[in-house]
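Participant: Modelling step: build the complete structure from the supplied sequences, incorporating the hints.
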Amino acid sequence: MEVADAKNRSTPLQAPPANPPGAVASTELNPHGSGASPTSFALHIGGSGPLPRLTDSLELATQIAKAKRGDNDAAYLAARFLGECNLLAIVDASAPSKEEGIDSPMVPPDLAGLRPECKKVPDRYKAMRIGLFEQAAESGNEQAQVAYISEASDILLDPVRVMQDPEAVNRYRERALGFLLAASAKGNVDAMLTLAFSYEQGLLSQSDQVLACAYALAVRNSGLSRGAEGIVDSWRERLSVEDRQRAEALARQIARR
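When the letters of the sequence shown are read in order and numbered with this note's numbering, they come out as residues 840 to 1096.
Check before you lean on any hint, since a few could be wrong.
[Stated by the list, open to error] DSS-like cross-link-like pairs, simulated, lysine-lysine; straight-line CA separation at most 30 Å:
(1) Lys907 <-> Lys965
(2) Lys905 <-> Lys1025
(3) Lys1025 <-> Lys907
(4) Lys959 <-> Lys907
[Unchecked claim] Derived DEER-like restraints, expressed as beta-carbon distance ranges:
(5) Val1080 <-> Ala904: 55 to 65 Å
(6) Glu1076 <-> Ala904: 49 to 59 Å
(7) Arg954 <-> Pro1005: 28 to 38 Å
Treat the hints as calculated values from the structure; they're not laboratory data.
Predicted model only: the values in this text are computed from it and were never measured.
Ideal Cβ positions, reconstructed from N, Cα and C, are used throughout, including at glycine.
Facilitator: Following this line, the structure appears as structure tokens:
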């Protein structure tokens, strides 16, 4: 399992090259990913059951030790804690005021309360964050599959890394895309919405406006998320009549029950 470092930095968002070397062209992708079952499923937000979480830096060490022994649930617990600490570090680094307690609206009170524990986390554990998310995602954990693209964004969107080691960055793109497709195949609406924006912008593979519109339509039609409101109509207007029909057909396939 490849482990990336986890430097806390804020990189301006910009799309990587539309068709990175070795990437699978999106026009060749099954909308539900390779190996997806044709049996029915229920569209849903997030994964199944309540989201487990850690709030103790001492317990983090225990969960990491379990993850190293192959416990994928422990890998997710540790990864989520490290991901929350990383988000707090990014917020703190970009905040106009360095005073504690002044947070962006994106930081809920329970997350802000983790700061004291996050400060106790050694750098060697922080460097395991993305690798732990990979372990959990590869085991089929939906939350980890959806979160992976955000957790790896400091690699995916780092222009220096893209220039210096495009093959390594492309491997992260392929993993992120594969994880999203796997979660979407299980009916995860969050994954579908992320795929819509990914295909529209060409973030993980070649830009595909038909697939982007199809995933956005599937999300809007599900009634489970407002994330696609306001974009579907504008995206459809850019398509030809034939491509609109293709997008609508794909949306029905993506959202089949």
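Participant: Now tell me, hint by hint, if it's right for this structure.
Facilitator: To see whether the hints hold, each was checked on the structure:
no. : hint                           : verdict
1   : Lys907 <-> Lys965              : 15 Å, holds
2   : Lys905 <-> Lys1025             : 27 Å, holds
3   : Lys1025 <-> Lys907             : 27 Å, holds
4   : Lys959 <-> Lys907              : 21 Å, holds
5   : Val1080 <-> Ala904: 55 to 65 Å : 58 Å, holds
6   : Glu1076 <-> Ala904: 49 to 59 Å : 54 Å, holds
7   : Arg954 <-> Pro1005: 28 to 38 Å : 36 Å, holds
Of the numbered hints listed earlier, not one is contradicted by the structure.
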